[in-house]
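Take a look at the letters that make up each chain.
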Amino acid sequence: MKVAVIGSGITGLSTAHNLAKQGVEVVIFEKKTYLYGASGRNSGGITTMMDRKELIELAKRSIKIYDDIQGEFSFNFLFRKDGYLKVADGFDMGRLEKECRLQRSMGVKVREIDPFEIREIVPGFNPESVDGGFIGEGGVIFPWPVIWGYVEGCRKLGVEIMRNSEVKGFEVENGELKGVKVKDETIKVDFVINASGAWSVLISKLAGVELRNRIIKEEICVIESLKPFIDPYILNISTGVYISQSARGEVVGGVVGREATEPDTSSTLDFLIGYAKGAAEMIPLLKGLSVLRQWAGVYDASPDGLPVVGETELKGFVQANGLGRRGMSLAPAIGEIVAKIVLKGKEYDEFSPSRFQFPERTTEN
Amino acid sequence: MRLTEHPIVKFKRGKEITIYFNGEPVKAYEGETVASALYAAGITTFSRSFRFHRPRGFFCAIGKCSSCMMEVDGIPNIRICKVYVRDGMKIKTQNSFPNADSDFLSILDSIVDRFYPHGSHYRKFNKPKVLRDFVTKQVRRFAGTGNPPKKAFEEKGSFEEIETDIAVVGGGPGGMSAAIYAARTGARVVLMDENPFLGGQLVKQTHRFFGSGKHRAGTRGIRIAEILSNEVGELKNIDVRFETKVFGLYNGVVGAVEKDKKLLKIKAKKIVIATGAYERTLLFENNDLPGVYGAGGVQTLMNVFGIKPGDKGLIVGSGNVGLILTYQLMQAGIDVAAIVEAMPRIGGYFVHAAKVRRLGVPIYTSHTIKRAIGDKKVEGAEIVKLDENWCEVKGSEKRIDCDFICVAIGLSPTHELLYQAGCEMKFVPELGGLVPMRTEYGETTVEGIYVAGDVAGIEEATSAMMEGRIAGLDAAIKLGYGGEEAIRLRDEVVRDLKEFREGPFGERILSGIKKVTFEKEAISVSAPEREEAISEGIE
Chain D
9 MKVAVIGSGI TGLSTAHNLA KQGVEVVIFE KKTYLYGASG RNSGGITTMM DRKELIELAK
69 RSIKIYDDIQ GEFSFNFLFR KDGYLKVADG FDMGRLEKEC RLQRSMGVKV REIDPFEIRE
129 IVPGFNPESV DGGFIGEGGV IFPWPVIWGY VEGCRKLGVE IMRNSEVKGF EVENGELKGV
189 KVKDETIKVD FVINASGAWS VLISKLAGVE LRNRIIKEEI CVIESLKPFI DPYILNISTG
249 VYISQSARGE VVGGVVGREA TEPDTSSTLD FLIGYAKGAA EMIPLLKGLS VLRQWAGVYD
309 ASPDGLPVVG ETELKGFVQA NGLGRRGMSL APAIGEIVAK IVLKGKEYDE FSPSRFQFPE
369 RTTEN
Chain L
108 MRLTEHPIVK FKRGKEITIY FNGEPVKAYE GETVASALYA AGITTFSRSF RFHRPRGFFC
168 AIGKCSSCMM EVDGIPNIRI CKVYVRDGMK IKTQNSFPNA DSDFLSILDS IVDRFYPHGS
228 HYRKFNKPKV LRDFVTKQVR RFAGTGNPPK KAFEEKGSFE EIETDIAVVG GGPGGMSAAI
288 YAARTGARVV LMDENPFLGG QLVKQTHRFF GSGKHRAGTR GIRIAEILSN EVGELKNIDV
348 RFETKVFGLY NGVVGAVEKD KKLLKIKAKK IVIATGAYER TLLFENNDLP GVYGAGGVQT
408 LMNVFGIKPG DKGLIVGSGN VGLILTYQLM QAGIDVAAIV EAMPRIGGYF VHAAKVRRLG
468 VPIYTSHTIK RAIGDKKVEG AEIVKLDENW CEVKGSEKRI DCDFICVAIG LSPTHELLYQ
528 AGCEMKFVPE LGGLVPMRTE YGETTVEGIY VAGDVAGIEE ATSAMMEGRI AGLDAAIKLG
588 YGGEEAIRLR DEVVRDLKEF REGPFGERIL SGIKKVTFEK EAISVSAPER EEAISEGIE
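Those sequence lines, one after another, are chains D and L.
Counting in the numbering used here, the first sequence runs from 9 upward without gaps.
Counting in the numbering used here, the second sequence runs from 108 upward without gaps.
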């Protein structure tokens, strides 16, 4: 059996790794290069504090995989589990309380924390800026070594990774996928895994398959490196502003993304202004510090907030996308699921691409 | 260490004030940068480096390297070569304990590579998990350069949105010329510079210029800066923003910070980038030691702030900058031990070299610097002979006594803004590195973004001024200003620039320019139209 994976982000790589472990011949096609997509541009927040049962399960499994795989690859992802802190103002506290009940029922360790207690954990935190919060499992991972580690692990298992290789189309016979057109050749494969993140809709279109994911653009910036003082990853769900401190000491932060019409990675001044206001409101100590760089990334989100994983009406064409902004927290487990779908024909109704052919389910996100 | 007498420059020092370095009072004068005031007080180690805790000091003096980051009034990571002293200012060293001069962690410099070489934080101590978690935690404790502020910055920030015809980034010869010529046609111009004065690097050029009389030959650089900035001052439609750092171009919007407090959002119809260049450094052992400086950094220290860089220097590179600098050092009463040049011949103009020779400074051609000697600062240098294959000749090492080393091996364009704006760039060695593709009027592949001066290719102030005029005029013409007269003037400067480059030294530049110049019309024809044109036999 031969499988082509489109995209060398965390989803594509973990899928390739799981398949190759079972002896499958895998080739990854990457339009650009490693880290070009969302896997190289995100802020590395990892948590099990999700708002859906399915997501919590995936996140728990992913953290377990991260723990094991760093030893297996002998690669340190600089995963620092100093907690994940969600804060909100009064209006949104109810939402946090509700998801916290769900998390607890599934064995996730979460506790409520009042704004003044947050200041004891994060020096300089402005208790006036929020009404409350919850702190739970998770922390910060450095996404780059995650990708480098997976690339190395995949290569050791014989996975071929082709960079600068844009998929131009597919060869289809009688409603069955037969091959992938890359550059000037067609490569015969049995399955294609669409793990191309923000480009998933475009790739689906090439295959003639409908995918209703939205493209989301999110911007981030970092300030000059400081001695460690922010331990947890902090996300304000009311303003969308998030802040954490990297292993180098740079304060990394951004604002939760907005829908875009195309995968566009240009930076904006409005983001910088908005983020600076939001971040300084939350941690006033950040005022006056120099921004080192800013950038933007794109990801895709499914209509109901759950990943889209499963074989489509086109036999052999498998979706593995729609992870939203939680890719780093979910993707290692998604890789295992895709492998089961391909190798054992297992079906996961909750993630199935066909679920959108029925009237849309509403989502809390 | 401050110069009091100089044959050409008269140093007008401001009021004497006191700043505090790690709590100790230091005398300074208003108008000086923090870096130059500390340097004048004999302080050469400003901070320690991120990983090895090696001493960090002065290098470029123009805000383009990150060697001089310190804590200023509680705010960490400030480039002190771009901050001007204020009475009572508190300056602190970073990433060191107890201070940068005698940092306990400097021991890391000799041991870190043996036990924890580069990449170890990914590769080492991965099994078992407990060990990995422990190491990951410990490594983090060593991270970070500045200290997080203890209390929030109190100054109130403000915001201004400006709409203008032309925004000019950089107030050097290129930028000022662009602003002047555009403004003369009636266009509204915003001219931004990170210094509290205009002139760019002209302010340290105490020598007379070559070239044609029409373009200020025979005048000293410092004088040209004065003439141009006076012209700028006289034009009412130029809005000059001093101490303003442009940090990004966002689709026709220029993002900048004025005096570290005010955010500027400038909507401009055309943008002229004239950000100049920065100094290259050279690979040799200890090249990061305080005392190893960029040639321009030394010029800034000496010619702008009137501060002696040291007692005896070694100059690396015999191009015009190295030769002129040598002469300027001697002029200020500072000894130059030697000039080393890797090429078998002297790089700069004969007149400059002859002047230096007459002063008795030896020029070692086919020699390079092997290492800087010293613990916390330069105490000497070792040079070595090179054979015809550029390999070191064993046994030819020679120690030069000096207390500072100037690296004068050329400049690289400050191209970051262009890159960020999406201009198509090309690596052209003749022009000093990565430069933008441009039309003969200086317009890049991004419509409305122009370049002028060293950022478009390393040349000299004379051509920068001409490029500036062309860019400023063309931008104004495209906006409907100036009429026939402006077009005539623009084309005249284009001809003058061509003529200037046709001189004996322009050959290399011209071959570089050829590689990056495109015809705008040819580019703007879209592919299908072009096919049609070809099929109709037009092309």
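A couple of the hints might just be wrong.
[Said to hold, decoys possible] Chain D residues, not near chain L, derived (Cβ > 12 Å throughout):
no.	residue
1	G31
2	T41
3	D100
4	K213
5	E267
[What the hints assert, rightly or not] Derived pair list, reagent style BS3-like, types lysine-lysine, alpha-carbon separation capped at 25 Å:
no.	chain 1	residue 1	chain 2	residue 2
6	D	K285	L	K368
7	D	K164	L	K231
8	L	K189	D	K295
9	L	K231	D	K72
10	D	K68	L	K244
Calculated directly from the structure, the hints in this document are not laboratory data.
We put the beta carbon where it would ideally sit given N, CA and C, even for glycine.
Flag every earlier hint the structure violates by its number, smallest first. none
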